[in-house]
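Enquirer: The lines below spell out each chain.
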Amino acid sequence: MEKLRVEHVTKIFGKQTAQALKLVEQQKSKTEILEKTGATVGVYDANFTVNEGEIFVIMGLSGSGKSTLIRLLNRLIDPTSGKIHIDGQNITSLSKGELQNIRREKMSMVFQNFGLFPHRTILENTEYGLEVRGISKEQRRLKAEKALQNAGLLAYKDQYPSQLSGGMQQRVGLARALANDPEILLMDEAFSALDPLIRKDMQDELLELQANVQKTIIFITHDLNEALRIGDRIAIMKDGKIMQIGTGEEILTNPANDYIRTFLEDVDRSKVLTAENVMVRPMTVNIENDGPKVALQRMREEEISVLIAVDKQRQFKGYITANDALEGAKNGLKSVQSFVKTDMPTVDSTTVIQDILPIISDSPTPVAVVDEGKLRGILIRGVIIESLASSSQGGELNE
Amino acid sequence: MNNFLNNIPKLEVADTVENTMDWLTKTFSGLFKVMQTGGKSVMESVTALLTAVPPIVFILVVAILAFFATRRKFGLPVFSIFGLLFIYNQGLWEQLMNTFTLVLFSSIIAIVLGVPIGILMSKNNVAENSIKPILDFMQTMPGFVYLIPAVAFFGIGVVPGVFASVIFALPPTVRFTSLGIRQVPKELVEAADSFGSTGAQKLFKVELPLAKSTIMAGINQTVLLSLSMVVIASMIGAPGLGREVLSALQRAQVGNGFVAGLSLVIFAIIVDRLTQSLNQKK
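Heads up: the sequence lines are chains U and C, in that order.
Each residue of the first sequence is one higher than the one before, counting from 162 in the working numbering.
Each residue of the second sequence is one higher than the one before, counting from 23 in the working numbering.
If you're looking for bench data, these hints aren't it; they were derived computationally from the structure.
Please note that a few of the clues may not be correct.
[As the list claims (entries may be wrong)] Rough simulated footprint, nothing fancy, chain C against chain U, three-plus residues with beta-carbon under 8 Å:
(1) 259 to 265
(2) 285 to 296
[Said to hold, decoys possible] Calculated pairs, DSBU-like style, for lysine-lysine (alpha carbon to alpha carbon, straight line, at most 35 Å):
(3) U:K399 - C:K208
(4) C:K234 - U:K257
(5) U:K361 - U:K402
(6) U:K176 - C:K62
(7) C:K95 - U:K361
[Said to hold, decoys possible] Okay, the calculated beta carbon distance ranges per label pair:
(8) C:L271 - U:P279: 46 to 52 Å
(9) C:K208 - U:T192: 20 to 26 Å
(10) C:N151 - U:L549: 20 to 26 Å
(11) C:A174 - U:S254: 51 to 57 Å
(12) C:P138 - U:K298: 26 to 32 Å
(13) U:E163 - C:N151: 43 to 49 Å
Every value quoted in this text rests on a predicted model; they were computed, and no experiment measured them.
Even for Gly, the Cβ is constructed at its ideal location relative to N, Cα and C.
Next comes chain U alone, as it looks inside the complex (with noise of 0.2 Å):
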């Protein structure tokens, strides 16, 4: 279900806006705009809509708005045109009190460095957006430290942010911006001021959590590994204006341009490339009906030594060797089913490049892809380390 639908929603920073406007429409860099108006070009016709329940990545270089258009979600910034619908509500055209309660009760923001209040304890700083709507002390002193508990943060509730470490004050950041129940999400750039290890550790609770608690969640991030790792979608920005939009495979395999393309080549795509993305048509045999000559004749054919050993439904069923089958066929056997090796490795389609890597080459044998019992593909080494290698290739990989 649609949750938040953005509508050409543009937003540029000085005095000459209208001027400023036409010279986006002419397509003019944002460099050029400034000089010739003094206006800066946030944010330039954005468009999409987010789901309930999904996570949507804005990504971008700095630079790019991405902050803007977050801040335009709940009008910390003003859009200078265009249409932001919340449940189908346009939030652009409320009044000043109106977006306060829509502040207060639709949506929270978790921000880069942290945003926590020095002056407050971490339990104050959990209570302040309860405390804001008026909830009485006992009440949000109750659903604070219950945030807290889920965020396991409780035991440092009467200590000040400043004594805690910059993964804690993000989680007391989570854990203020879910305390107050919120259906939206908006977090900007909130694990970029945490270390790697720590940062990953946070999208998985973050992952986690959403398994839990299905927010509608969007994230701004620079990292492209991070956006593919948690985004259900991702709109990649550049200048003010989104790129593309989509699923992080989409994105990989199906670069809009060149621009794309080229901020592709930092990712590591090991992480993000699957089996299916890699696999190649295996050779087989059927075991029911082939003998060893007709293997034979195929490897002979395909320039191979090994074949596929699957049944009639194509169900995985082993390998053969070319050995094998030449001793099959000196001894006269009419099938080959006899000598089929059953020690091929398997993985499912899914299974992300880096966890094939340490099985296939431990394996003599290249890696069978099966789905529920099925043989959808073969992957050989050669091919998967070429996928990593090419990296603006990725749409001819996907067969």
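Starting from the known structure of chain U, fit chain C onto it as the hints suggest.
Expert: Coordinates of chain C only, in the frame set by chain U:
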């Protein structure tokens, strides 16, 4: 060329100011009179009350206050005890109490006026641009000049003294309040906004607490400036240590001048250290 310059008639700035002052004095004479008599009686009773406290009790209270305010250090309490005993010993106790009242009232009025003006300045760029030059004017104009309207409005005595001190001492509180609030990190202001705080909630729960130490630095400056007006205010009849300095000056009594001046310095140090240590506390 010179002829040309001389042909411009002299602008009648002085006359205009004088006429305005006359008009103000006449129009609001009732109000000024009430303020003069009311203010005078309030301040005199406060001084009377302070003088009624046995000096030894007063000194001990200041010392204990200093002890706790400086987080249990002995420097300031010891200094306070000896300093105040010295002033008492020189027979300047009543004058000290008069000065104390003057400083107390002018500081409180300056803070009560200054903090809200500073908040307004921090929130509104138009207000900032119009108030800033006025503050510059107030700070650079020699303190003596304020005595003239003070006398015109209130006659002589302690009330015009407070009036002149307030004008002279107000700017730091206003400036520092504005600065303190503008210096609150943007992300924290955004955090407060993003949770749907009203303007007042944001101000009282986030901005003022975070600006507190800067505002306190401004208040400290205000207190010291109003203290520095004590001698000037005594020229229009404000009682206190300043009057002793002034009369020593008029009679060229170096010794008396030194003692009264030293007493003022002692008092200033105690007040300064006390207000500063309030700021350092968590």
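Enquirer: Next, verify each hint and record whether it holds.
Expert: Right, here's what the structure says about each hint:
{"no.": "1", "hint": "259 to 265", "result": "holds (count 6)"}
{"no.": "2", "hint": "285 to 296", "result": "holds (count 5)"}
{"no.": "3", "hint": "U:K399 - C:K208", "result": "24 Å, holds"}
{"no.": "4", "hint": "C:K234 - U:K257", "result": "28 Å, holds"}
{"no.": "5", "hint": "U:K361 - U:K402", "result": "28 Å, holds"}
{"no.": "6", "hint": "U:K176 - C:K62", "result": "54 Å, violated"}
{"no.": "7", "hint": "C:K95 - U:K361", "result": "48 Å, violated"}
{"no.": "8", "hint": "C:L271 - U:P279: 46 to 52 Å", "result": "50 Å, holds"}
{"no.": "9", "hint": "C:K208 - U:T192: 20 to 26 Å", "result": "25 Å, holds"}
{"no.": "10", "hint": "C:N151 - U:L549: 20 to 26 Å", "result": "60 Å, violated"}
{"no.": "11", "hint": "C:A174 - U:S254: 51 to 57 Å", "result": "55 Å, holds"}
{"no.": "12", "hint": "C:P138 - U:K298: 26 to 32 Å", "result": "28 Å, holds"}
{"no.": "13", "hint": "U:E163 - C:N151: 43 to 49 Å", "result": "46 Å, holds"}
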